[in-house]
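Asker: Protein chains in written order, with my numbering: chain A, 1 to 441; chain B, 1 to 430.
Worth flagging that the hints you see were computed from the coordinates, not collected in a lab. Just so we're clear, the structure is a prediction, and the values are computed from it rather than from any experiment. Hints are not guaranteed to be accurate.
Restricting the straight-line Cα-Cα distance to at most 25 Å, the calculated cross-link-like pairs of lysine to any residue (SDA-like) are [said to hold, decoys possible]:
{"#": "1", "chain 1": "B", "residue 1": "K284", "chain 2": "A", "residue 2": "D76"}
{"#": "2", "chain 1": "B", "residue 1": "K284", "chain 2": "A", "residue 2": "T84"}
{"#": "3", "chain 1": "B", "residue 1": "K355", "chain 2": "A", "residue 2": "P36"}
{"#": "4", "chain 1": "B", "residue 1": "K284", "chain 2": "A", "residue 2": "A85"}
{"#": "5", "chain 1": "B", "residue 1": "K338", "chain 2": "B", "residue 2": "Q306"}
{"#": "6", "chain 1": "B", "residue 1": "K295", "chain 2": "A", "residue 2": "R68"}
{"#": "7", "chain 1": "B", "residue 1": "K355", "chain 2": "A", "residue 2": "E107"}
{"#": "8", "chain 1": "B", "residue 1": "K69", "chain 2": "A", "residue 2": "G361"}
{"#": "9", "chain 1": "A", "residue 1": "K240", "chain 2": "A", "residue 2": "Q158"}
{"#": "10", "chain 1": "B", "residue 1": "K341", "chain 2": "B", "residue 2": "P238"}
{"#": "11", "chain 1": "B", "residue 1": "K284", "chain 2": "A", "residue 2": "G90"}
{"#": "12", "chain 1": "B", "residue 1": "K284", "chain 2": "A", "residue 2": "R182"}
{"#": "13", "chain 1": "B", "residue 1": "K355", "chain 2": "A", "residue 2": "R68"}
{"#": "14", "chain 1": "B", "residue 1": "K341", "chain 2": "B", "residue 2": "Q306"}
{"#": "15", "chain 1": "B", "residue 1": "K355", "chain 2": "A", "residue 2": "L81"}
{"#": "16", "chain 1": "B", "residue 1": "K338", "chain 2": "B", "residue 2": "E349"}
{"#": "17", "chain 1": "A", "residue 1": "K265", "chain 2": "A", "residue 2": "N398"}
{"#": "18", "chain 1": "B", "residue 1": "K295", "chain 2": "A", "residue 2": "P174"}
{"#": "19", "chain 1": "B", "residue 1": "K355", "chain 2": "A", "residue 2": "G90"}
{"#": "20", "chain 1": "A", "residue 1": "K240", "chain 2": "A", "residue 2": "E407"}
{"#": "21", "chain 1": "B", "residue 1": "K295", "chain 2": "A", "residue 2": "R182"}
{"#": "22", "chain 1": "B", "residue 1": "K284", "chain 2": "A", "residue 2": "E129"}
{"#": "23", "chain 1": "A", "residue 1": "K240", "chain 2": "A", "residue 2": "R68"}
{"#": "24", "chain 1": "B", "residue 1": "K231", "chain 2": "B", "residue 2": "S324"}
{"#": "25", "chain 1": "B", "residue 1": "K341", "chain 2": "A", "residue 2": "D80"}
{"#": "26", "chain 1": "B", "residue 1": "K284", "chain 2": "B", "residue 2": "S323"}
{"#": "27", "chain 1": "B", "residue 1": "K295", "chain 2": "A", "residue 2": "A71"}
{"#": "28", "chain 1": "B", "residue 1": "K69", "chain 2": "A", "residue 2": "L363"}
{"#": "29", "chain 1": "A", "residue 1": "K265", "chain 2": "A", "residue 2": "V397"}
{"#": "30", "chain 1": "B", "residue 1": "K284", "chain 2": "A", "residue 2": "P110"}
{"#": "31", "chain 1": "A", "residue 1": "K265", "chain 2": "A", "residue 2": "I247"}
{"#": "32", "chain 1": "A", "residue 1": "K265", "chain 2": "A", "residue 2": "F389"}
{"#": "33", "chain 1": "B", "residue 1": "K69", "chain 2": "A", "residue 2": "S309"}
{"#": "34", "chain 1": "B", "residue 1": "K284", "chain 2": "A", "residue 2": "V177"}
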Amino acid sequence: MTTNNHPHSLPSSTDVLRIQLPNGITVLARANYSSPSVTLSGYLEVGALFDPPDRLGLAEFTSLALMRGTAAYSFDQIFDLLETAGASFGYNGGTHTTGFGGKALAEDLPLLLHLLNETLRSPTFPAEEIERLRAQILTHLAIQAQDTAEIASLTFDQIVYAGHPYSQPEEGTPETVNRITRQDLVDFHQRNYGPRGMVIAVVGAIEPQRAVDLVAEQLGDWRNPAQPAPIQLPPVTPLKQQVSRYITLAGKSQADLIIGAPGPKRRDPAYYAAALGNSILGQFGMYGRIGDVVRERNGLAYYAYSSLSGGIGPGPWYIAAGTDPQNSERAVELIIQEIRRFTQELVDPDELADSQANFIGHLPLSLESNSGVAAALINLERYELDLDFYLRFADLVNSVTREEILEVARRCLNPDRLGIAIAGPRRKFEAASQKQKTEGR
Amino acid sequence: MSEDFTRLQLENGLTVLLKEIHTAPIISHWVWYRVGSRDETPGKTGISHWVEHMQFKGTQRFPAGVLDKAISRGGGYWNAMTYLDWTTYYETMPADQIDLALELEADRMVNSLFDPREVESERTVIISERQGNENEPLFRLGEEIQTTAFQQHPYGHETIGNMADLHTIQRDDLYRHYRQYYTPANAIVALAGDFETAAMLEQLKRLYAVIPAGGAPVRVLSPEPAPTGEKQVTVRGPGETTYVQLAYHVPSANHPDFLPLTVLDSLLCGPSSLNLFGGGISNKTSRLYRALVDKELAVSVSGGLQATIDPFLYNILLTIHPSSDPEAALRVTEAEFKRLKDSPPPAEELARAVKQARALFAYGSESISNQAFWLGYAEMFADYNWFRTYLERLEAVTPQDVQRAAQQYLLPENRVLGIYLPTGEIHDDE
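The shape of chain B in the complex, shown without the other chains (with noise of 0.2 Å):
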C-alpha cells in the first residue's frame, strides 16, 4: 500500500487520516470513537452498541429517514459498528458526493435526538438482533467462554449486551453515554480516496471547528488478575455438532508478543485475513488443519487473535468430526502445541506466513474502503505505523520467538476449554 498519508490535531483534539488514492472515482470516509463494550458497567452491559443505532435515528438538521436515503440515492453504501474498543461509522460514496457523508457525521458527533418513542423502537430490534445471535451454539458458547475469562474485565460479556440490560436501559442513560463519549478528542475521521489533501482538510476544519472539545471520557478499568487455572464450560444445546473452543490470555496489539503470536497462529491455524474488504486464504497446510482434520478429528479448525487496548483471548475452535470426539481432538491439538514448544519452527514456515500476509495486504490494497479503514481501525489500539510497519515487523519474528510465545502462552492454566455438546435434538415437538 502507498505509503503517503496526512495525519494532524485539530486543536478541539480531532485526530484527522487522509490518504489520496486517485485510482477509482471513490472515497471512503471513517469516523472511530473510543468507545465499546470495554467501557460499560455492570447493568449498562450493550449500551454503546445501542447508541450506534440511536446514531441513525436522525438529528435535526438530518432527520431519520432522511440520511440513509440521501446516502442512498448518492450511490454510496454506510453501515457501523461496535466492537471491544471502538465504534466505527462509515460511507463509501462517489467522489463527487462526498460532502453529505462528512456533513451528517460532523453533525451527529454532537446533534443526534434519542427521540424516547425511537429508544423505545429500538429496544425490541436490538432485542431481536441478540435473539439472532442465540440461535447460533458458537454465539452462546462464545459468550460463555468470554463470561468466565474475565471476572473483572468489562471484555467479560458481549458487545450485544446482556438480555437483561436491554429490557432495563432508559433513554437519559444511552444519551448519556453518547455525550460522553462522542467528542472531539475521542474521535478520529480517516478518509481515502479520491481528493486533494489540502481542500479536504479545509473541509474537515470548517464542519469540525464549531465542536467543543468537550471533556476527556473517564475510565476506571479493573485490569484483569492473572488467569489461577484452567477453567472450563459446558453449553448444551440442540442440533448435531459439537464444538471445541480454546481461549488463551493474550497480551494487548501493543505488546511485544503480539506478532510473534500472530505467527504462532498462522502456523497453527492458517493465516487469518487483516482485511475487512477483500479476501483470505485458506488453511488447509496449517498444522492444527494437518494433524485434525486429515486425520478425521475435526472438520474444521480456525484461530483469532484480536488487535485489542488490554488483553483479550486467541480463540481456536474446532468442529469436531461427527466419528470423533473432543477428547480426542483436545489430546491431538496439545500434542501438536508440544511440537512447537519443543522444537522452533522452520525458517521456511515462517517465510511462508509473511509471503501469506504480504499477499494478504496486495488483496485488501485493491479496495479504497479497506485502506481507509486500516487509517482509522490502528489508531483504535495503537497508531497507523503498527499497521504501516506490520509487514516488516512480521518478518523480523524469528522461529525462538513462536517457540516462546507457545511456551509461555499455549499451556492449560492460561486458558478457557469450551465445549459446545449438541443434544441431538433438531425440531421442538413436545
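The shape of chain A in the complex, shown without the other chains (with noise of 0.2 Å):
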C-alpha cells in the first residue's frame, strides 16, 4: 500500500546541511517542498541558571522583553510586519537555553531572519513597554498560583531537587518579578546573550544552502567577547526518605499530584533503558502500567501517565494523575506500588518489545510537519548527536534489555525515597492533620 522515496525519510548527512558559522552559530537546514511554508527554530546558550536569586525570572524576562522593540523598530512595528505576513516569531525561555521559534511562508522566511537579528542585537527595552510586559508576567504567574496541576509541580521541583538551580522556577515569583529593573534586562542581554553555542534550524520549502546563506548574511557578523560560558550544574542531593506536600487551594474540585525524582540526564548511557523503562511505566497504550491501574481499573483519574524529562541536566521522572480529592491518597498508594514493582521485577519481554516497536514506528510521525523535523534536528545538536543519528535509532532502541531497564530504575526511583506533591481543595475528612501534611517535609 505504501510508495517509497518520500521526500520525509528520516533526516540524515544526506540531506542536512549543517554549517558551523566563524562565530559560532550551528545552522541546520533541511528542505522540504510539501507546502510552502517554513519553519525557524533555535536556542542561545542563555537561560534561568544565570538568574541571580534575588532577581529569580530575569532570564525570561529578558527574553520576551526582546520582542519589545529594537533600534529599528517598535514594538508595533515588529508585530505588524510579522502579523501582516501572517508569520510568527518569538522566544521562550528555559532553564539551560532561552528558545526562540517562528514560522512563515518560504517567501519570507528573510523576513524572520531580520527580525531574529534585529531583535537579538539591538533590543531597546522602551520602559513602557516593560512595564507592560511585566503586569503580564504578573498576571502569569497569578493564574499559575491558583493552576493545581502548576502548583503541583512547583512544589514537586522545591522537593526533589532542594538546593539546586532546578528548584527554582524559570518564571520567577511575583517578588523577584517585581524587582527586576529596566537596567538588570539591558545589563543581562549585554552580558550573556552572544552567538557561541547557538543554533538554528531551518526546515521547510527553501534551498538549505541559501538557508544559511541568509542566516550568515544577518548573524555572522555578531561577536559578543564577554560572553560567559555555561554554566556547571552542582549534583543533585538525593531524598533520604519520602517526603510528601499537599497544597490546598481554595475553591478547587480536583487534585493534581506529581511524584518521582530525578532522573537520567539525555546524555546518560542509560537514557535509551529508561525513556522505554518509562513507556512501559506510564506511556504505552492508554499510560501504561499507571494508566491501567489509576485510570481503567480503579477509576481513580480522568488522566495518570509517566514523564522522563532527560535534558541536559537531571530532569525529573515522576508520575502525574488528577483525581477526587478524596482519591488522591488511594492513587498514591497504587503508583507507589507499581514504582516498587517496576524497581524490583524485570519488565516482561513483550511489554519491552512493544514499547520498542511504538518508538521505531512513531519516528515518522513525530517528523510530519516542519517543526517537527526542525526539533528533531534541533536535539542532534543540543545532545551532541551526529547527522546521522536518525538511521541508527531504531538500533539503539532495540538493543535495550530488561536488565538495563531495571538498574535505571533501581537508581533512579527508589520506592521509599520519592517526593510527593499535591495541590487541590481542603480534604473533607482530613482537616485536622493537613496543616501538619502541607509544612511537613
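Need the complex rebuilt from these two chains, each delivered in its own frame; the hints are there to steer you.
Answerer: This is the structure we're talking about:
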C-alpha cells in the first residue's frame, strides 16, 4: 500500500546541511517542498541558570522583552511586519537555554531572520513596554498560582531539587519579578547574549544552502567577547526518605499530584533504557501500567501517566495524575506500588518489545511537520548527536535490555525516597491532619 | 492544499472521503458521527461524551486494553473528541499499519460491549474530568454563559455534562444512545495519506458493507428564540485575575454571514487558527489588542467563532489588567465596535486577514493528520467544499459586509456579558 522515495524519509547527513559559522553559530537546514511554508527555530546558551537569586525570572523576562522594541522598530512595527505576512515569531525562556521560533511562508523567511537579528542584537527595552510586559508576567503568575497542576509541579521541584538550581521557578515569583529593573534587562542582555553555542534550524520550502546564506548574512558578524561559559550544574542531593506535601487551593474540585525523583540526563548511557522503561511504566497504550491501574482498573483519575524529561541535566522522572481529592491518597498508594514493582522485577519481554516497536514506528510520525523536523535537528545539536543519529535510532532502541531498564529504574526511582506533591481542595475527612501535611518534609 | 479527493456514499449510507497524499509514509484515519451535546436532553447531558469514553472499553474482538496497545505497538497515535455537533475518533499510523485502525473502527461502530463494570469505573473517571474543568475559572464562567445564552436549545450545556447527570446516567442509557447514533448513515469515514484510493475503497467496502444501515436518528430540537435583551452573569471565585467574556449570538457555519463574521473576528481579535494540528499566529496588531492591551486595560484578548450546525456564540475574552477594571475595558471595547459599525474597515486590513488565513492554510497542510481532520470536520456542519472554497469566499468578503455584520450582531441585546470576579483568596486556610 505504501510508495517509496518519500521526501519525509528520516533526516540524515545526506539531506541535512550543517554549517558552523566562524562566530560559533551552528546552522542546520533541510528542505521540504510539500507545503509553501518554512519553520525557523533554535536556541541560545543563556537561561534561568544565570538568574541572580534575588532576580529569579530575569532570563525569561529578558527573552520576552526582546520583542518589545529594537533600534529600528517599535513593538507595534515588529508585530505589524510579522502579522501582515501571516508569520509568527517569539522567544521562550528555559533553564539552560533560551529558545526562539517562528513560521512563515517561505518567501518571508528573510523577514523572520531579519527580526531574529534585530531583536537579538539591538533590543531597546522601552520602559513603557517593559511595564506592560511585567503586568502580563505577573498576571500569568497569578493565574499559575491558582492552577493545581502548576502548583503541584512547582512544589515537586522544590522537594526533589532542594538546594539545586532546578528547584527555582524559571518564571520567578511576583516578588522577584517586581524587583527586576529595566537596567537589569539591559545588563543581562549585554552580558549573556552571544553567538557562541547558538543553534538555528531552518526547515521548509527553501534550498538548504540558501537558508544558511541568509542566516550568515544576518548574524555572521555578531560577536560578544564577554559571553560567559555555560553554567555547570552542581550534583543533586537525593532524598533520604519519602517527602510529601499537600497544598490546599481555594475553590477547587480536583487534586493534581506528582510523584517522582530526578531522572537521568539525556546524555546518560542509560537514557534509552529509562525512556523505554518510562514508556512501559506510564506511556504505552493508555498510559502504560500506571494508566491501567489508576484509571482503567480503579477509575481514580481522568489522567495518569509517567514522564521522563531527560534534558541537559538530570530532569525529573515522575508520575502525574488528576483525581478526586478524596481519592488522591489511594492513587498515591497505587502509584508507589507500581513504582516498587518497576524497581524490583524485570519488565515482561513482551512489554519491552511493544515499547520498542512504538518508539521505532512513531519516529516518522513525529517528523510529519516542519516544526517536528526542526525540533529533531535541534536535539541533534543540543545532545551532541551526529547527523545520522536517526538512521541508527532503531538499533539503539532495539539494543536496550530488560536488565538495563531494571538497573536505571533502581538507580533513579527508589520507592521509599520519592517526592510527592499534591495540590487541590481541602479534603473533607482530613482537616485535622492537613496542616501538618502541608508543612511536613 | 491539493484539490484531489474522492467522496462517495456506500449503500448503507456511510459517507467516505479519501485524499491521497504521498509526501510521508503516514495515513490518518478519522471516523465522525453526527452526535454531540446538541443531541442531549435534560437529565442525560454529557451522554455523548461518555459514550465516546466507552468506545475505548472494548468489543468482543478487541477487548479493552488490546486496542490501545495494538495502536501503540504500530507507533501510531489515536484519540477521540466530542463537541456540540459531533463525536470523532482518529488514528494516525505508519501507512503499513493502517489495517488495524480500519478494522477496529468498523468493529466498534456496532460491537462495543458497554460492560456495566466498565461503565461504573468510567463514571468516576468522567466525574474527575469534570472536576479538572471546574478547577479552571474560565470553564466556570463559560458554563454559566452558555446556560444563560440558551434557554431552549441543547447548546446550553457543556459537552462534559452536568454533574448531577454524571451521577445518574445508567449503562442502558449509554447503550441506547450508542445504538441510536452510531450507524453508517450517521457517520463519515475520512482518510488522508499514503494509500491508493481504489484499494482503500475496496477495503472500506469490505469492512462496512456488512453493517446494516439502521434507521436515521430522530432529532427533536427546539430552536432558540431570538434573545430579548442583554443578559449578564457574574461568577465569583478564588484567584486574583478578572475576566470579561462577551458572547454574541451568531448564525451557523452555513449562513452567508459566517465569513464576514470570520473577518470581523480577525480584525478585532486576530486570526483564529483553522488547524487542529499546526501553528497559529499572534494577534498583537488586532484592533482590540491595540485598544485594550497596549492601553493597559487588559493583558490579553482573544476571539472565538465556532463552525456549528445551529446558531451558536461568538466569544470575546478579555483578561483584565491588574490595575484596570471590567467597566473601563468594556467601554473601550464598545468604542471599537462603534468604530467598525460607523465606518467600513480599509481594504488593506481585509487583504491582510486573507494573507493570514492563506499562511495558516499552508501551515496546516504540512500535517497529514490536519488534512484528514478537515475532510471530515467540514462535513459535520457543511461539506468538504466549505473548506475547499474557504479562502476564495474569505477574499470575496467586502468592507461593507464586515461593517454590516458588526451593526447586526455586536449589539448588547444580542449578548451575554459574563464577568469572573476574583475573591483574592488563594489558599483554603479556614
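Asker: Could you run down the list of hints and mark each one as holding or not?
Answerer: Each hint tested on the structure:
Taking the CA atoms of K284(B) and D76(A), the gap is near 8 Å; set against the 25 Å cutoff, the hint holds. Taking the CA atoms of K284(B) and T84(A), the gap is about 11 Å. The hint holds against a cut of 25 Å. Straight-line distance between C-alpha atoms of K355(B) and P36(A) comes to about 13 Å, which keeps the hinted pair within the 25 Å bound. Taking the CA atoms of K284(B) and A85(A), the gap is near 13 Å; set against the 25 Å cutoff, the hint holds.
A distance of roughly 23 Å separates the Cα atoms of K338(B) and Q306(B); the hinted pair therefore holds under the 25 Å criterion. Taking the CA atoms of K295(B) and R68(A), the gap is about 15 Å. The hint holds against a cut of 25 Å. Proximity of K355(B) to E107(A) is assessed by CA-CA distance (about 13 Å); at most 25 Å being required, the pair is judged to hold. With a C-alpha separation of about 13 Å, the suggested pair K69(B) and G361(A) falls inside the 25 Å cut-off, and the hint holds.
Taken as a hint, the K240(A) and Q158(A) pair is honoured in the structure, with Cα atoms around 15 Å apart against an allowance of 25 Å. Taking the CA atoms of K341(B) and P238(B), the gap is about 37 Å. The hint is violated against a cut of 25 Å. Using a Cα cut-off of 25 Å, the hinted pair K284(B) and G90(A) holds, with the two alpha carbons roughly 12 Å apart. Between K284(B) and R182(A) the alpha-carbon distance is near 22 Å, which keeps this suggested pair within the 25 Å criterion.
Straight-line distance between C-alpha atoms of K355(B) and R68(A) comes to about 24 Å, which keeps the hinted pair within the 25 Å bound. Distance check on the hinted pair: K341(B) and Q306(B) sit about 22 Å apart at the alpha-carbon level, within 25 Å; holds. A hinted pair counts as satisfied when its Cα atoms are at most 25 Å apart, and K355(B) with L81(A) qualifies at roughly 12 Å. About 17 Å separates the Cα atoms of K338(B) and E349(B), which keeps this hinted pair within 25 Å; it holds.
As the CA atoms of K265(A) and N398(A) are separated by approximately 20 Å, the hinted pair is consistent with the 25 Å bound. Distance restraint check for K295(B) and P174(A): the Cα-Cα separation of roughly 22 Å lies within the 25 Å cut-off, and the hinted pair is therefore satisfied. Restraint check for K355(B) and G90(A): the C-alpha separation of about 20 Å stays at or below 25 Å, so the hint holds. Our distance criterion of 25 Å between C-alpha atoms is met by K240(A) and E407(A), whose separation comes to about 19 Å.
For a cut-off of 25 Å, the pair hint linking K295(B) to R182(A) stands: about 20 Å separates their Cα positions. For the given pair, K284(B) sits about 13 Å from E129(A) by alpha-carbon distance, which is consistent with the 25 Å threshold. Proposed proximity of K240(A) and R68(A) is contradicted: the alpha carbons are some 46 Å apart, above 25 Å. Proposed proximity of K231(B) and S324(B) is supported: the alpha carbons are some 23 Å apart, at most 25 Å.
Only pairs whose Cα atoms come within 25 Å are accepted, and K341(B) paired with D80(A) is accepted, the gap being roughly 24 Å. For the proposed pair K284(B) and S323(B), the alpha carbon gap of about 20 Å is at most 25 Å, so the pair holds. Distance check on the hinted pair: K295(B) and A71(A) sit about 22 Å apart at the alpha-carbon level, within 25 Å; holds. Among the hinted pairs, K69(B) with L363(A) is consistent with the structure: their alpha-carbon atoms are about 17 Å apart, no more than 25 Å.
Among the hinted pairs, K265(A) with V397(A) is consistent with the structure: their alpha-carbon atoms are about 17 Å apart, no more than 25 Å. A C-alpha spacing of about 21 Å is found between K284(B) and P110(A), which places the hinted pair at or below 25 Å, so the restraint holds. Using a Cα cut-off of 25 Å, the hinted pair K265(A) and I247(A) is violated, with the two alpha carbons roughly 29 Å apart. With a C-alpha separation of about 18 Å, the suggested pair K265(A) and F389(A) falls inside the 25 Å cut-off, and the hint holds.
Taking the CA atoms of K69(B) and S309(A), the gap is about 23 Å. The hint holds against a cut of 25 Å. In summary, the hint linking K284(B) to V177(A) is supported, as the alpha carbons are separated by about 23 Å, within the 25 Å threshold.
Hints 10, 23 and 31 from the list above are not met by this structure, while the remaining hints are.
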